[in-house]
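Q: Sequence:
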Amino acid sequence: MNLALFDLDNTLIAGDSDTEWPKFLIKRGILDPEHHARQNDYFYEQYKAGTLDIYEFLDFQLAPLARFSRSELDTLHAQYMQAHILPIIPQKARELVAAHQAAGDVVMIITATNRFITAPIARELGVAHLIAVELEEDAAGNYTGKPTGVPSFQAGKITRLNEWLAARGETLQSYDKSYFYSDSRNDLPLMSIVTHPVAVDADDTLLAHAREQGWPSITLRD
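Mapping of the sequence shown onto this note's numbering: residues 188 to 409, in sequence order.
Worth flagging that the hints you see were computed from the coordinates, not collected in a lab. The structure displayed is predicted, hence computed values, not measured ones. Every residue, glycine too, gets a C-beta built ideally from N, C-alpha and C. It cannot be assumed that every hint is accurate.
[What the hints assert, rightly or not] Across the chosen pairs, the derived CB separations fall in these ranges:
1) D363 <-> I405: 32 to 42 angstroms
2) V337 <-> I275: 25 to 35 angstroms
3) N189 <-> E221: 42 to 52 angstroms
4) G328 <-> S404: 22 to 32 angstroms
5) P376 <-> T335: 15 to 25 angstroms
6) E221 <-> Q266: 35 to 45 angstroms
7) A395 <-> E232: 17 to 27 angstroms
8) E221 <-> T382: 42 to 52 angstroms
9) I217 <-> G356: 42 to 52 angstroms
10) I213 <-> D409: 23 to 33 angstroms
[What the hints assert, rightly or not] 25 angstroms max Cα-Cα, derived DSS-like pairs, lysine-lysine:
11) K333 <-> K214
12) K210 <-> K333
13) K235 <-> K333
14) K333 <-> K364
15) K364 <-> K279
Given these sequences and hints, build the entire structure.
A: Pasting the structure below:
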């Protein structure tokens, strides 16, 4: 039995769902465009450099979720999916996921983006298993705008994956082959412990590392 892990943003989708969500909110007048663009650029430069403070970023990124009820957010997300996400899911990505499923592999998306944004995208891709940033809820079940637990970012992806495996009575070594597909240098910790790391439309740092290590490099862009 094999395990196939996929990063989401800029890997299975040709864009960043964490960036597309505020773009969607800005178009509807919910977020201030100048302030958000300035802050988003600040965090994105950190992300590209591998120096992102994930907790500082999550405080910024999750705050708008606390302004709406869950039902309001679900309505907004359905519109966001249609306008911003479905157009950037490449057919090759769908086919790669389907190929692993047809082979009987356990397929998972493991992402540093929060579960509210990513769970519907995982369902669209037909992926049942998802590790994402978990969100704190108040007594009424609405989001507080804060994360909970270990963020699934950089080495946190290993922590969260090991927790998931342990809950199943497994370890990574329980699988004959373990794949991890990612575009980002931030995923080098997890890519370094699977048996089959694959660079997908990779950033320059990951691409150079993949070439040095002899890892395959592919594109899923149509």
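Q: What hints, given by number in increasing order, does this structure fail?
A: 1, 4, 6 and 14
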